[in-house]
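**Q** Make a model of the complete structure from these sequences and hints.
Protein chains: 4
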Amino acid sequence: MSDVSPTATLLLSCPDQRGLVATVAAFLYEHDGNIIHADQHTDAEEGVFLQRVEWELDGFGVERDELADAFAPIAERFGMNWSLRFSDARPRVALFVSKQAHCMYDLLARYRMGELRCEIPLVISNHADLGHIAADFGIPYHHLPLTPETKPEQEAAALRLLEAHGVDVIVLARYMQILSADFVAGYQNRIINIHHSFLPAFAGARPYHQAHERGVKIIGATAHYVTETLDDGPIIAQDVSVVSHRDSVKDLVRTGTDLEKVVLARATRLHLDNRVLVYGNRTVIFD
Amino acid sequence: MSDVSPTATLLLSCPDQRGLVATVAAFLYEHDGNIIHADQHTDAEEGVFLQRVEWELDGFGVERDELADAFAPIAERFGMNWSLRFSDARPRVALFVSKQAHCMYDLLARYRMGELRCEIPLVISNHADLGHIAADFGIPYHHLPLTPETKPEQEAAALRLLEAHGVDVIVLARYMQILSADFVAGYQNRIINIHHSFLPAFAGARPYHQAHERGVKIIGATAHYVTETLDDGPIIAQDVSVVSHRDSVKDLVRTGTDLEKVVLARATRLHLDNRVLVYGNRTVIFD
Amino acid sequence: MSDVSPTATLLLSCPDQRGLVATVAAFLYEHDGNIIHADQHTDAEEGVFLQRVEWELDGFGVERDELADAFAPIAERFGMNWSLRFSDARPRVALFVSKQAHCMYDLLARYRMGELRCEIPLVISNHADLGHIAADFGIPYHHLPLTPETKPEQEAAALRLLEAHGVDVIVLARYMQILSADFVAGYQNRIINIHHSFLPAFAGARPYHQAHERGVKIIGATAHYVTETLDDGPIIAQDVSVVSHRDSVKDLVRTGTDLEKVVLARATRLHLDNRVLVYGNRTVIFD
Amino acid sequence: MSDVSPTATLLLSCPDQRGLVATVAAFLYEHDGNIIHADQHTDAEEGVFLQRVEWELDGFGVERDELADAFAPIAERFGMNWSLRFSDARPRVALFVSKQAHCMYDLLARYRMGELRCEIPLVISNHADLGHIAADFGIPYHHLPLTPETKPEQEAAALRLLEAHGVDVIVLARYMQILSADFVAGYQNRIINIHHSFLPAFAGARPYHQAHERGVKIIGATAHYVTETLDDGPIIAQDVSVVSHRDSVKDLVRTGTDLEKVVLARATRLHLDNRVLVYGNRTVIFD
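Protein chains in written order, with this note's numbering: chain A, 1 to 287; chain B, 1 to 287; chain C, 1 to 287; chain D, 1 to 287.
Don't take each hint at face value.
[Said to hold, decoys possible] Facing chain A, from chain D, some residues (calculated, C-beta under 8 Å):
1. His102
2. Ala109
3. Asp136
4. Arg246
5. Val249
6. Asp258
[Unchecked claim] Label-pair restraints from in silico Cβ distances:
7. Gly166(D) / Glu228(C): 55 to 61 Å
8. His127(B) / Pro145(C): 39 to 45 Å
9. Arg206(A) / Pro140(D): 37 to 43 Å
10. Asn81(A) / Gly47(B): 56 to 62 Å
11. His127(B) / Thr229(C): 48 to 54 Å
12. Thr150(D) / Gln188(C): 51 to 57 Å
13. Gly204(A) / Leu230(C): 52 to 58 Å
14. Pro140(C) / Ala135(B): 18 to 24 Å
Hints are computed from structural coordinates only; laboratory data are not their basis.
If you're wondering where the values come from, they're calculated on a predicted model, not measured in any experiment.
Where is the CB? At the ideal position from N, CA and C, for every residue including glycine.
**A** Next up, the structure:
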């Protein structure tokens with residue numbers, strides 16, 4: 001990706017109205033913007049328009065640090081929620097883990113292979129078990145053991161770490177603790193969780209046991225943003241695998257862990273590439 | 001299939017114990033049985049053994065009408081639940097429909113093409129709308145309109161029709177009424193329903209609206225036996241399709257109807273071919 | 001769909017260049033066009049831009065019969081291939097069948113249920129076998145038996161029928177004859193075929209036997225436009241199912257027929273809804 | 001898995017004949033064998049019977065080292081190809097890699113997490129690039145650079161390494177060299193390769209480019225045993241992902257690498273758990 005010129009990406013949503021596409025396109029055209037990707041979606045029922053536009057910065061007629069100001073009048077006119085990202089910025093990601101290693105291994109391997117456009121400055125865990133993996137990958141591991149009594153102070157400690165490392169995004173890589181509403185509120189639509197079932201089926205604990213008990217013929221995994229309500233945040237990615245009565249709970253877990261790591265990595269990549277827009281409790285995925 | 005010699009199929013379940021496979025296999029071997037298919041499953045957690053064996057009747061050393069008596073001592077010794085079916089018997093199926101035609105069209109077309117090993121002597125509906133389709137296929141259509149007041153008497157009328165036509169199996173092809181517990185009890189594990197979602201997600205009414213509202217990335221359909229508890233019976237077959245934010249509720253419904261008809265037909269075929277064994281609230285599918 | 005106001009749909013492709021999106025959007029905006037859907041795709045490697053825009057005709061500032069003339073200058077300026085369709089036009093479709101009924105049954109049932117935005121004025125076949133199905137659905141069935149000697153004259157007869165009925169689109173619903181290059185040339189990108197494998201695997205005859213012989217774990221079906229080269233035309237839709245060693249050729253055929261009918265119907269619907277753009281030997285599907 | 005008592009697994013194939021199931025089951029029953037899993041398959045067309053039986057060694061009436069002798073007369077009587085494995089034996093696996101790390105990372109992480117019942121004593125590569133990963137995981141890495149001239153001597157060097165380390169199984173984790181027929185012959189059905197397409201589609205080089213060029217709507221990956229004929233060995237596992245025109249070659253590669261690593265790991269696990277039987281050019285997977 002190093003041979004590609006840097007791009008700017010605009011993510012916006014607003015009430016649907018005439019002239020939106022024409023106005024945004026004209027803005028880019030007037031400044032000689034070379035559009036790489038453009039995709040929009042209209043939710044007719046909700047009356048919402050959502051758009052993602054990515055264009056090359058080389059040759060564009062507005063300087064990078066003047067871009068926001070140049071676009072602001074358009075945003076104001078249409079009442080847009082919007083954000084602007086640059087492809088050469090690298091968001092900083094913290095991994096939260098507990099005792100299960102498969103998602104952590106997978107994300108760190110992808111990180112080392114350059115698949116994820118980010119920096120991972122630290123791993124935080126409520127257990128010491130996975131510290132040796134972080135060590136193998138040369139990434140600092142912070143063990144913050146949790147009890148009901150120590151939860152507030154440990155969340156505060158975690159927040160201090162996140163701030164100290166300038167963390168933009170938190171990925172819960174099979175982190176088995178529930179974050180407090182306050183903690184979540186500070187990282188709205190920036191905490192990604194993997195739930196080990198096809199939500200909304202089998203929300204809550206021990207979903208593979210639930211799936212086995214119910215005798216389902218397909219199992220799934222769901223990556224979603226964390227909100228105050230458990231397992232109910234906007235869904236980013238899902239995938240499924242076929243199973244049968246021949247699969248024990250242990251088999252379902254094994255099949256499921258493969259789903260989990262692929263789905264969590266996909267959601268993380270989509271987020272880091274600025275391809276996810278949240279509206280209401282739903283997402284638009286500009287893939 | 002007409003050139004194949006008739007077969008017998010034994011479906012059995014019992015507490016797991018040593019000697020089961022050896023004893024059943026020896027029984028067939030001693031009588032010169034030529035096994036076509038044999039499959040067994042042990043649920044180690046529940047301690048249950050389940051088996052399906054199919055063998056050719058031609059050349060078998062026990063007459064068809066003496067077979068049950070010949071096997072009974074083995075069944076008794078191991079405490080088996082068991083049933084015996086012959087491939088040239090054709091179960092009699094009643095379709096129940098309401099206003100949506102896609103599953104009905106699909107099942108009747110398969111029936112006419114010889115895909116389903118059964119007879120379909122009648123269609124029962126609480127609406128008159130689909131009568132013309134039954135007429136095109138030359139199958140009697142019985143319109144039994146329902147109100148809360150008339151439900152008991154109309155269920156009684158349906159039961160009389162089922163008995164008069166010697167019906168073995170009921171397929172609810174998008175039948176939008178809930179059958180009474182008494183009605184269900186008379187056809188235990190013989191009423192197949194298609195639920196238009198990936199159960200247990202989105203049980204109940206309007207699942208496609210629920211799926212759209214929740215922003216899921218995959219939708220499904222589930223065929224299951226009807227039990228007293230709504231949408232909670234043993235699952236026979238499930239399938240899924242990938243969807244996206246680009247899909248409106250109408251798109252989800254259209255994608256879903258294709259899933260529904262394929263999944264319901266698959267479940268119906270599995271049942272008619274004696275490939276489903278129910279234990280607890282689960283199924284073993286001997287495919 | 002009757003309560004929806006009619007829409008116009010513009011499908012266009014041209015060399016990628018700046019100002020395309022802005023110019024098309026401005027054209028619609030200036031004439032008070034209410035865009036329902038808009039989607040575009042840039043193939044960076046080929047340097048091709050492709051777009052689909054759909055907007056409401058009610059309230060639009062250009063009359064329907066003046067629309068092409070109004071847009072022509074833009075098309076000329078950018079060197080566009082383009083077409084304009086109206087949602088209340090109903091393309092006329094001819095089904096070609098041989099002896100297998102499943103795709104024919106499925107398409108006719110969908111037609112009767114209103115799933116397909118088209119008219120089906122006739123069915124053409126090289127065999128008499130499926131005439132009774134057409135009769136049940138009240139659709140004329142033309143039997144044009146084929147031998148190597150009679151092929152040219154029978155294709156000529158078919159062409160006369162297609163012209164007499166004003167046919168726009170031909171759907172080969174498991175039609176087992178190869179159309180001549182001349183015939184195909186007359187309906188470029190307007191003849192849809194279903195191939196009973198996951199192309200390019202198992203092109204040619206008896207793909208399920210080939211798949212069984214090769215021991216694949218997944219089978220597929222492919223709907224594509226017919227070109228001069230057998231089984232090599234632009235792919236419109238594909239789908240797959242999981243299979244195993246337990247599946248005989250007969251089982252693969254049965255699983256495959258379900259794939260075939262769903263995939264062919266999907267491709268037909270996409271074509272009829274003007275959602276397919278062909279470029280090179282590929283398609284863009286605006287779904 | 002440490003709390004489970006060790007088991008023996010018998011894998012056998014032979015011409016189909018009466019009494020097979022009964023005789024094998026009786027053998028185990030007579031010696032108080034507690035069957036954990038039993039599965040058989042009959043290929044009616046080829047007239048081949050294949051079976052996998054797994055039973056507990058604790059309490060079994062034949063000593064482990066006398067088992068083969070005790071079973072031999074049965075095997076001889078029916079003309080069986082057979083093998084006997086013990087669950088506490090750990091096959092020794094060599095990974096072969098080139099420059100792409102994703103399958104190597106994935107397999108080593110699974111190895112460290114205890115997902116794979118094996119030892120991995122070494123990694124062999126024709127490039128030095130991935131040595132640092134092996135080092136992070138503490139596994140010896142042997143760099144054997146290849147040119148057309150040095151290939152024979154380097155294969156000989158590799159064979160010496162394999163023998164020195166007592167290697168039973170070779171996993172080609174995106175190893176981009178073709179092994180010689182002699183080399184392959186020494187490890188028949190013991191070399192597992194991952195091909196980055198849905199075989200037999202896109203055999204040979206650059207399959208993702210081929211897939212993009214052909215405009216397929218689904219891509220796949222295939223794990224198979226290596227035979228003399230390139231990309232034509234018995235298929236162990238396959239999986240697919242939905243793609244679209246929006247996916248560039250780079251996107252296909254990214255989606256494909258996720259398939260590759262999951263499919264290769266699945267095939268490796270199935271092989272290590274003695275769940276694969278090869279007959280002709282096909283496999284039976286006892287899952």
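**Q** Which of the numbered hints are not met once you compare them with the structure shown?
**A** Violated hint (a single one): 5; every other hint is consistent with the structure.
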